[in-house]
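Peer 1: Here are the chains, one letter per residue:
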Amino acid sequence: MAQMAKTVVMIAPKPDQAPRVDQVGVDERVARFRSRSIKKASKVEALNLVLSQIDLTTLEGQDTPGKVRQLCQKAMRLHDSLPDIPHVAAVCVYPMMVAEAKKALGASGIKVASVATSFPSGMAPSEVKLEEIKLAVGLGADEIDMVISRGKFLEGKYQEVFDEIVACKEACGDAHLKVILETGELGTLDRVRYASLLAMQAGADFIKTSTGKIQPAATMPVTLVMLQAIRDYYYDTGRMVGMKPAGGISKAKLAIHYLVMLRETLGEAWMSPDWFRFGASSLANDVLMQLQKQQTGIYQSEDYFSKD
Amino acid sequence: MDKTVKAEGRSIDSAAPRETQSAAKSASRGRAKPPATTRLGVAKTYKLYINGKFPRTESGRYFTVVDSKGNIAANMCRASRKDFREAVLAARSAFSGWADASAYLRGQILYRVAEMLEARAEQFVTELKLMGVDKRTASREVTAAIDCLVYYAGWTDKYQQVFSAVNPVASSHFNFSILEPVGVVSVLTGQNSALLGFVEAIAPVIAGGNTAIALAPEQNPLCAISFAEVLHSSDVPAGVINILSGYRKELAEQFSSHMDINAIIANSNDASEIKIIQEQAANNIKRVIIRTKPIAPDPYQIIDVQETKTTWHPIGG
Numbered sequence: 001m002a003q004m005a006k007t008v009v010m011i012a013p014k015p016d017q018a019p020r021v022d023q024v025g026v027d028e029r030v031a032r033f034r035s036r037s038i039k040k041a042s043k044v045e046a047l048n049l050v051l052s053q054i055d056l057t058t059l060e061g062q063d064t065p066g067k068v069r070q071l072c073q074k075a076m077r078l079h080d081s082l083p084d085i086p087h088v089a090a091v092c093v094y095p096m097m098v099a100e101a102k103k104a105l106g107a108s109g110i111k112v113a114s115v116a117t118s119f120p121s122g123m124a125p126s127e128v129k130l131e132e133i134k135l136a137v138g139l140g141a142d143e144i145d146m147v148i149s150r151g152k153f154l155e156g157k158y159q160e161v162f163d164e165i166v167a168c169k170e171a172c173g174d175a176h177l178k179v180i181l182e183t184g185e186l187g188t189l190d191r192v193r194y195a196s197l198l199a200m201q202a203g204a205d206f207i208k209t210s211t212g213k214i215q216p217a218a219t220m221p222v223t224l225v226m227l228q229a230i231r232d233y234y235y236d237t238g239r240m241v242g243m244k245p246a247g248g249i250s251k252a253k254l255a256i257h258y259l260v261m262l263r264e265t266l267g268e269a270w271m272s273p274d275w276f277r278f279g280a281s282s283l284a285n286d287v288l289m290q291l292q293k294q295q296t297g298i299y300q301s302e303d304y305f306s307k308d
Numbered sequence: 001m002d003k004t005v006k007a008e009g010r011s012i013d014s015a016a017p018r019e020t021q022s023a024a025k026s027a028s029r030g031r032a033k034p035p036a037t038t039r040l041g042v043a044k045t046y047k048l049y050i051n052g053k054f055p056r057t058e059s060g061r062y063f064t065v066v067d068s069k070g071n072i073a074a075n076m077c078r079a080s081r082k083d084f085r086e087a088v089l090a091a092r093s094a095f096s097g098w099a100d101a102s103a104y105l106r107g108q109i110l111y112r113v114a115e116m117l118e119a120r121a122e123q124f125v126t127e128l129k130l131m132g133v134d135k136r137t138a139s140r141e142v143t144a145a146i147d148c149l150v151y152y153a154g155w156t157d158k159y160q161q162v163f164s165a166v167n168p169v170a171s172s173h174f175n176f177s178i179l180e181p182v183g184v185v186s187v188l189t190g191q192n193s194a195l196l197g198f199v200e201a202i203a204p205v206i207a208g209g210n211t212a213i214a215l216a217p218e219q220n221p222l223c224a225i226s227f228a229e230v231l232h233s234s235d236v237p238a239g240v241i242n243i244l245s246g247y248r249k250e251l252a253e254q255f256s257s258h259m260d261i262n263a264i265i266a267n268s269n270d271a272s273e274i275k276i277i278q279e280q281a282a283n284n285i286k287r288v289i290i291r292t293k294p295i296a297p298d299p300y301q302i303i304d305v306q307e308t309k310t311t312w313h314p315i316g317g
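Protein sequence lines, in the order shown, are assigned to chains A and B.
Quick note on numbering: the numbering used here labels position 301 of the first sequence as 301, and the sequence is numbered without any gaps.
Quick note on numbering: the numbering used here labels position 90 of the second sequence as 90, and the sequence is numbered without any gaps.
If you're looking for bench data, these hints aren't it; they were derived computationally from the structure.
It is possible that some hints are incorrect.
As the list claims (entries may be wrong) - Under the rule of at most 30 Å between Cα atoms (straight-line distance), these lysine-lysine pairs were calculated in the BS3-like manner:
#1 A:Lys39 / A:Lys67
#2 B:Lys47 / A:Lys307
#3 B:Lys249 / A:Lys293
#4 B:Lys129 / B:Lys249
#5 B:Lys249 / A:Lys253
#6 B:Lys249 / A:Lys43
#7 B:Lys47 / A:Lys253
#8 A:Lys43 / A:Lys293
#9 A:Lys251 / B:Lys47
Throw the hints in and build the complete structure from the sequences for me.
Peer 2: This is the structure in structure tokens:
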């Protein structure tokens with residue numbers, strides 16, 4: 001495997017190079033992660049880590065520069081009555097909003113992630129997609145979230161999908177590339193596993209579950225399969241790839257379960273915003289409410305946290 | 001029949017000993033014939049009522065309620081603060097739907113609750129008698145509870161007209177005040193009247209479009225939990241009323257401190273408890289309504305948990 005990755009970089013892996021996934025086994029493993037009890041100090045630590053890993057996201061047709069500025073403000077100052085909390089990892093927006101977000105975030109250290117490649121469907125010619133990436137990078141995006149062409153993938157044109165990711169990676173330049181598999185449209189865990197391998201071999205810095213526009217979005221079984229793919233890829237090549245579950249993770253408790261899964265699948269090295277992200281919008285508020293609860297002992301209400 | 005059998009249920013009939021003999025005989029012939037037994041009563045498990053479901057407490061704890069003769073009447077769920085938190089979530093998500101339901105519909109549903117209670121009156125009389133209330137008082141209490149529901153069913157589409165106002169102001173504005181439900185209300189019901197007190201406490205809350213989380217009377221909770229079954233079969237949307245059983249001393253603080261509760265109603269004479277409630281409620285300045293003695297149904301109890309919204313509408317030139 002290692003030799004192959006070195007010599008024939010530009011040839012897509014074959015589907016049979018990805019191992020079959022035992023769905024029942026995956027479900028059982030996930031059920032175990034969900035039974036861990038994380039309390040008190042460990043809980044606070046986990047909640048803070050979750051906050052620092054959030055890609056605060058707004059991807060709607062109704063987005064305006066004003067809304068993006070507001071989101072950036074929130075990204076920098078999550079909740080003033082909790083002074084010791086970290087800021088989020090990044091703000092995730094459409095390419096048209098990148099400049100606005102970049103300006104609003106200034107030197108805060110928060111990254112700007114931009115979706116590109118005709119998000120969310122990916123139904124555009126390759127040239128258009130590459131242009132979009134270059135545009136977003138030119139405007140200052142630090143990270144690019146691209147979607148794979150699910151249509152082509154399901155048709156079996158794996159090489160085309162692969163080549164497109166390679167070209168996108170090149171177009172990104174220094175920007176990090178996150179590859180969205182849109183697992184809700186892939187159908188089976190076997191395909192998720194194979195698509196993960198395809199994306200990683202093509203040069204993805206991160207692999208990401210979903211756009212958030214399709215149900216089901218991120219689920220724990222799908223994320224586990226992708227984490228296992230990352231682990232095996234790391235053993236084969238020595239290259240670390242990041243993971244970003246996105247969509248449908250809106251509760252702190254669920255986010256902590258994801259962290260448990262991350263810790264027990266990939267280990268300590270991945271437990272940082274550099275290697276794991278949550279794509280979410282409402283998750284931040286729930287985490288803040290839990291932190292406030294830990295501090296005051298009183299259950300909180302959404303009324304006292306900023307709307308987003 | 002001795003005491004233990006009575007506590008577990010009644011025996012079917014006096015034929016039991018004879019059947020035992022014949023069972024022994026058939027056993028000696030080597031033929032399997034089901035051994036005759038005294039039938040055990042199928043006692044009801046009293047559980048919580050949260051979001052239209054009957055869960056056990058997440059804590060797995062229980063406490064024992066004894067009847068007037070000192071026998072075990074039931075093992076009740078001893079709800080924890082997490083059960084309460086779940087109930088608040090349910091009440092919060094049910095709130096907008098219930099507040100936006102037409103007054104007429106809320107009235108119909110309350111009337112439906114009364115209908116279902118009437119149909120099951122006998123069960124409530126039995127439960128009250130078990131706890132030491134005499135038959136006549138028990139029937140009177142059940143009837144009064146039904147009437148109370150009908151009373152507030154009638155008020156749902158009338159309190160707005162009576163308590164809203166057009167206010168005279170000295171500028172060219174049309175100024176009017178209308179009522180809106182405060183939101184999620186927690187209710188600590190009185191200890192004495194197991195059914196009537198409970199119904200009287202929650203009916204005006206939901207008549208006005210609020211959602212409620214109520215704690216059943218600690219040592220007298222049977223009727224309140226059975227009342228959940230009535231609600232469950234009465235078109236009351238899930239989450240509008242949630243009922244917990246447990247230790248009041250443990251839960252009163254939670255009922256009053258939770259930031260997502262907008263008002264608390266407590267039937268209480270206990271000065272130290274009232275102090276805790278008032279202090280905890282100050283966290284989010286929730287409305288505190290302390291009732292030191294039972295009061296007969298009246299529309300002011302609906303208004304207790306309503307906000308007044310006043311609008312200044314410019315007119316003329």
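Peer 1: Against this structure, judge whether each hint is valid.
Peer 2: Against the structure, the hints:
1. The suggested pairing of Lys39 of chain A with Lys67 of chain A is violated, with an alpha-carbon distance near 35 Å, which exceeds 30 Å.
2. The suggested pairing of Lys47 of chain B with Lys307 of chain A is violated, with an alpha-carbon distance near 36 Å, which exceeds 30 Å.
3. Pair hint Lys249 of chain B plus Lys293 of chain A holds up; C-alpha atoms about 21 Å apart against a cutoff of 30 Å.
4. At roughly 26 Å between alpha-carbon atoms, Lys129 of chain B and Lys249 of chain B fall within 30 Å of each other, so this suggested pair holds.
5. Under the criterion of a C-alpha separation no larger than 30 Å, the hint pairing Lys249 of chain B with Lys253 of chain A is consistent with the structure, at around 28 Å.
6. Of the pairs offered as hints, the one joining Lys249 of chain B and Lys43 of chain A holds, with about 28 Å between alpha carbons and a cut-off of 30 Å not exceeded.
7. The hinted pair formed by Lys47 of chain B and Lys253 of chain A meets the criterion: a straight-line CA distance of about 26 Å does not exceed 30 Å.
8. At roughly 11 Å between alpha-carbon atoms, Lys43 of chain A and Lys293 of chain A fall within 30 Å of each other, so this suggested pair holds.
9. The hinted pair formed by Lys251 of chain A and Lys47 of chain B meets the criterion: a straight-line CA distance of about 27 Å does not exceed 30 Å.
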